[in-house]
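Please arrange chain B on chain A, whose structure you already have, making use of the hints.
Number of protein chains: 2
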Amino acid sequence: MSISPDLENHTRGYVVPIGGSEDREGACVILKKFAKLCGGEKANIVIIPTASVLADTGQKYVEIFNRLGVSNVASLQIEERLDAERQEFLDRLDLATGIFITGGNQLRLSTILGGTEIAQKIRRLNASGVHVAGTSAGAAIMPEHMITGGATGTAPSRGGVILAPGLGLTNSLLIDQHFNERDRLGRLLTAISYNPFRVGVGIDEDTAIFIDPEQRFEVVGSGAVTVVDPSTLTYSSMSEAAKTDALSLLDLKLHILSKGCSYHIADRTAYSAK
Amino acid sequence: MSISPDLENHTRGYVVPIGGSEDREGACVILKKFAKLCGGEKANIVIIPTASVLADTGQKYVEIFNRLGVSNVASLQIEERLDAERQEFLDRLDLATGIFITGGNQLRLSTILGGTEIAQKIRRLNASGVHVAGTSAGAAIMPEHMITGGATGTAPSRGGVILAPGLGLTNSLLIDQHFNERDRLGRLLTAISYNPFRVGVGIDEDTAIFIDPEQRFEVVGSGAVTVVDPSTLTYSSMSEAAKTDALSLLDLKLHILSKGCSYHIADRTAYSAK
Chain A
1 MSISPDLENH TRGYVVPIGG SEDREGACVI LKKFAKLCGG EKANIVIIPT
51 ASVLADTGQK YVEIFNRLGV SNVASLQIEE RLDAERQEFL DRLDLATGIF
101 ITGGNQLRLS TILGGTEIAQ KIRRLNASGV HVAGTSAGAA IMPEHMITGG
151 ATGTAPSRGG VILAPGLGLT NSLLIDQHFN ERDRLGRLLT AISYNPFRVG
201 VGIDEDTAIF IDPEQRFEVV GSGAVTVVDP STLTYSSMSE AAKTDALSLL
251 DLKLHILSKG CSYHIADRTA YSAK
Chain B
275 MSISPDLENH TRGYVVPIGG SEDREGACVI LKKFAKLCGG EKANIVIIPT
325 ASVLADTGQK YVEIFNRLGV SNVASLQIEE RLDAERQEFL DRLDLATGIF
375 ITGGNQLRLS TILGGTEIAQ KIRRLNASGV HVAGTSAGAA IMPEHMITGG
425 ATGTAPSRGG VILAPGLGLT NSLLIDQHFN ERDRLGRLLT AISYNPFRVG
475 VGIDEDTAIF IDPEQRFEVV GSGAVTVVDP STLTYSSMSE AAKTDALSLL
525 DLKLHILSKG CSYHIADRTA YSAK
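The listed protein sequences derive, respectively, from chains A and B.
Okay, so the first sequence: first residue is 1 according to the numbering used here, each after it adds one.
Okay, so the second sequence: first residue is 275 according to the numbering used here, each after it adds one.
The hints are simulated quantities; they were obtained by calculation from the structure and are not laboratory data.
There's no promise every hint is true.
Which residues of chain B face chain A? A partial, calculated answer using Cβ under 8 Å [said to hold, decoys possible]:
#1 HIS419
#2 GLY423
#3 ASN454
#4 GLY460
#5 LEU463
#6 ALA498
#7 MET512
#8 HIS529
Calculated cross-link-like contacts (lysine to any residue; reagent style SDA-like; alpha-carbon spacing at most 20 Å) [to be verified]:
#9 A:LYS253 x B:LYS517
#10 B:LYS527 x B:THR543
#11 A:LYS259 x A:LEU37
#12 A:LYS42 x A:ASP6
#13 A:LYS121 x A:TYR235
#14 B:LYS533 x A:ASP251
#15 B:LYS395 x B:ARG341
#16 A:LYS253 x B:LYS307
#17 A:LYS274 x A:GLU214
#18 A:LYS121 x A:THR111
#19 A:LYS274 x A:ASP212
#20 A:LYS259 x B:GLU514
#21 A:LYS243 x B:TYR509
#22 B:LYS527 x A:ILE265
#23 A:LYS253 x A:THR269
#24 B:LYS527 x A:ARG124
#25 A:LYS243 x B:LYS533
#26 A:LYS253 x B:TYR545
#27 A:LYS259 x B:TYR509
#28 A:LYS259 x B:SER513
#29 B:LYS517 x A:GLU181
#30 B:LYS527 x A:LEU37
#31 B:LYS548 x A:ILE265
#32 A:LYS259 x A:ARG216
#33 A:LYS259 x B:ILE386
#34 B:LYS527 x A:THR232
#35 A:LYS274 x B:SER513
#36 A:LYS259 x A:CYS28
#37 A:LYS274 x B:ASP525
#38 B:LYS527 x B:SER496
#39 A:LYS60 x A:THR111
#40 B:LYS307 x B:ASP357
Predicted model only: the values in this text are computed from it and were never measured.
All C-beta atoms, glycine included, are put in the ideal place defined by N, C-alpha and C.
The following block holds chain A by itself, in its conformation from the complex (with noise of 0.2 Å):
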């Protein structure tokens, strides 16, 4: 799904992309800031539990905002498609100065959600300012085109990668989570060698990219965030490769990004922590 226009007079919130098991009892580094950036104690956050199977996962998130200080907080139960054009949910998220994508399976997530009034509400509200955030699956769906599986290992490969279409939350970017801990710098090569038009971005677990309005993002969390830029790629083999044979790529960048460090997406730049 592609990314909801700009509108005038307003600034598109932030989008928030989580690696995955984020600190949930400790300092909290990352939800805290998420909260702080929705109004701290005046936010009002919407979780969408959709990715996860149990039941109780939406609820838990609502007692974590709820501990940090967040009393506004819900949980939309959509667990099918029916429910994802349920009035009082769309007038629910409407409140919202936040929304937040619990893990679970991406492929849960889009299909449910895919093509329904709650998507499409959540493009149109980001746009109009509303902070969006996503945890793991929640983390994956937020692209144009999303990561929903692949091989694990460093090497690309012609089949290396499942891409399905995303949220839309971020045109600019290929999102993938769990990097370090689940050995996903294939899969992203992959991804990226498919169409090198995009940034790819492996998020680690308690790790989080805060992506602005002018499309730069900072690192915050405890882990590494690893981009690959392939705007300087001056070849790849992956037209010709067969399904198996291992792929060249030649000339990308790498930056390994830890907290405070950040990227300008349009200027493919990275700074280091101030």
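Same frame as chain A, now just chain B:
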């Protein structure tokens, strides 16, 4: 250990690190190419099986090279430091056109061979034109600085790699092996970040680089070679990071090279397959 100096009127031999688990039963692309390089039917190959604790590792490679048409093959059973001073072994090495170092444990190799006559002779022979290949641990030991252990995963960390002095057959590369299969990008990045004066090369299984005397290498085999070039690095947080901190490394160059691709180490330039 440092590389042996160039000898007048001698072209150096090739250095051929293999990422481990090279095909030994099918087409044997890598081993066949090495045998041919060493003179084919006229080759005289010496096996160094010291990395392995299995008694028959050397003999198995003797049989493989015999099967590939090389009749003059000997395995030197160097099992302790005193073996590495034996005159008969040193004399046998003088006949070699190629030396093959097997897999096993690279610390076994370095602790048994380090500082011995055999180690010095291998370096000198390579400087005089004898080709040296090594697989797995035998590849790891080739550089001046060898990677001998470390963390798995894509992310570098301050304590993420164990380095030790290697055999010193090349001083222009850091080499890691079983690269894709054992998820070793993080430890290669860590090794590079300690001192970004070397190119890092991660070699997949059944894959080799044939480094010629002009310090160009070609990729041979079924996997890929990951080249991380820190010559464009603009920032590293290594010196300030605590042991468990995620690291930042900005503006690295990354190449994924499959068979037929080549790389010029001095120029830091990658070329696609012709």
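Checked hints:
With its C-beta approaching chain A no nearer than about 20 Å, HIS419 (chain B) sits outside the 8 Å limit, and its interface hint is violated. A least Cβ separation of about 18 Å between GLY423 (chain B) and chain A goes past the 8 Å threshold, and the interface hint is therefore violated. Annotation: ASN454 (chain B) was flagged as interfacial toward chain A, and the flag holds, the nearest CB pair being 4 Å apart, inside 8 Å. At its closest, the beta carbon of GLY460 (chain B) sits 7 Å from a beta carbon of chain A; the interface hint therefore holds under the 8 Å criterion.
With a cut of 8 Å, the hint placing LEU463 (chain B) at the interface with chain A holds, because the nearest CB-to-CB distance is about 7 Å. Interface hint at ALA498 (chain B): satisfied, since its Cβ lies 4 Å from the closest Cβ of chain A, which is below the 8 Å cut-off. Proximity of MET512 (chain B) to chain A is violated relative to the hint, the smallest CB-CB distance being about 11 Å (cut-off 8 Å). For the restraint placing HIS529 (chain B) at the interface with chain A, the shortest Cβ-Cβ distance is roughly 5 Å, inside the 8 Å limit, so the hint holds.
For the hint linking LYS253 (chain A) to LYS517 (chain B), the alpha-carbon distance of about 26 Å lies beyond 20 Å, and the restraint is violated. The suggested pairing of LYS527 (chain B) with THR543 (chain B) holds, with an alpha-carbon distance near 10 Å, which does not exceed 20 Å. Taking the CA atoms of LYS259 (chain A) and LEU37 (chain A), the gap is about 17 Å. The hint holds against a cut of 20 Å. Simply put, LYS42 (chain A) and ASP6 (chain A) have alpha-carbon atoms about 25 Å apart, too far for the 20 Å limit, and the pair is violated.
Simply put, LYS121 (chain A) and TYR235 (chain A) have alpha-carbon atoms about 40 Å apart, too far for the 20 Å limit, and the pair is violated. Taken as a hint, the LYS533 (chain B) and ASP251 (chain A) pair is honoured in the structure, with Cα atoms around 16 Å apart against an allowance of 20 Å. Between the alpha carbons of LYS395 (chain B) and ARG341 (chain B) the distance comes to roughly 27 Å, so the proposed pair goes past 20 Å and is violated. Distance check on the hinted pair: LYS253 (chain A) and LYS307 (chain B) sit about 32 Å apart at the alpha-carbon level, beyond 20 Å; violated.
At most 20 Å may separate the alpha-carbon atoms for a hinted pair to count; LYS274 (chain A) and GLU214 (chain A) meet this at roughly 19 Å. At roughly 16 Å between alpha-carbon atoms, LYS121 (chain A) and THR111 (chain A) fall within 20 Å of each other, so this suggested pair holds. Proposed proximity of LYS274 (chain A) and ASP212 (chain A) is supported: the alpha carbons are some 17 Å apart, at most 20 Å. For a cut-off of 20 Å, the pair hint linking LYS259 (chain A) to GLU514 (chain B) stands: about 13 Å separates their Cα positions.
Distance check on the hinted pair: LYS243 (chain A) and TYR509 (chain B) sit about 37 Å apart at the alpha-carbon level, beyond 20 Å; violated. For a cut-off of 20 Å, the pair hint linking LYS527 (chain B) to ILE265 (chain A) stands: about 18 Å separates their Cα positions. Simply put, LYS253 (chain A) and THR269 (chain A) have alpha-carbon atoms about 10 Å apart, close enough for the 20 Å limit, and the pair holds. A threshold of 20 Å between alpha carbons decides the hint, and for LYS527 (chain B) with ARG124 (chain A) the separation of about 38 Å lies outside it, so the pair is violated.
Distance hint between LYS243 (chain A) and LYS533 (chain B) is fulfilled; the C-alpha atoms sit about 15 Å from each other, no more than 20 Å. For the proposed pair LYS253 (chain A) and TYR545 (chain B), the alpha carbon gap of about 16 Å is at most 20 Å, so the pair holds. Restraint check: the Cα-Cα separation between LYS259 (chain A) and TYR509 (chain B) comes to about 14 Å, which is no more than 20 Å; the hinted pair holds. Distance check on the hinted pair: LYS259 (chain A) and SER513 (chain B) sit about 16 Å apart at the alpha-carbon level, within 20 Å; holds.
A threshold of 20 Å between alpha carbons decides the hint, and for LYS517 (chain B) with GLU181 (chain A) the separation of about 18 Å falls inside it, so the pair holds. A C-alpha spacing of about 35 Å is found between LYS527 (chain B) and LEU37 (chain A), which places the hinted pair above 20 Å, so the restraint is violated. A C-alpha spacing of about 34 Å is found between LYS548 (chain B) and ILE265 (chain A), which places the hinted pair above 20 Å, so the restraint is violated. Distance hint between LYS259 (chain A) and ARG216 (chain A) is fulfilled; the C-alpha atoms sit about 14 Å from each other, no more than 20 Å.
As the CA atoms of LYS259 (chain A) and ILE386 (chain B) are separated by approximately 43 Å, the hinted pair breaks the 20 Å bound. For the given pair, LYS527 (chain B) sits about 10 Å from THR232 (chain A) by alpha-carbon distance, which is consistent with the 20 Å threshold. Straight-line distance between C-alpha atoms of LYS274 (chain A) and SER513 (chain B) comes to about 16 Å, which keeps the hinted pair within the 20 Å bound. For the proposed pair LYS259 (chain A) and CYS28 (chain A), the alpha carbon gap of about 14 Å is at most 20 Å, so the pair holds.
Restraint check for LYS274 (chain A) and ASP525 (chain B): the C-alpha separation of about 17 Å stays at or below 20 Å, so the hint holds. Distance restraint check for LYS527 (chain B) and SER496 (chain B): the Cα-Cα separation of roughly 23 Å exceeds the 20 Å cut-off, and the hinted pair is therefore not satisfied. This hinted pair does not check out: LYS60 (chain A) and THR111 (chain A) have alpha carbons roughly 23 Å apart, beyond 20 Å. Distance restraint check for LYS307 (chain B) and ASP357 (chain B): the Cα-Cα separation of roughly 30 Å exceeds the 20 Å cut-off, and the hinted pair is therefore not satisfied.
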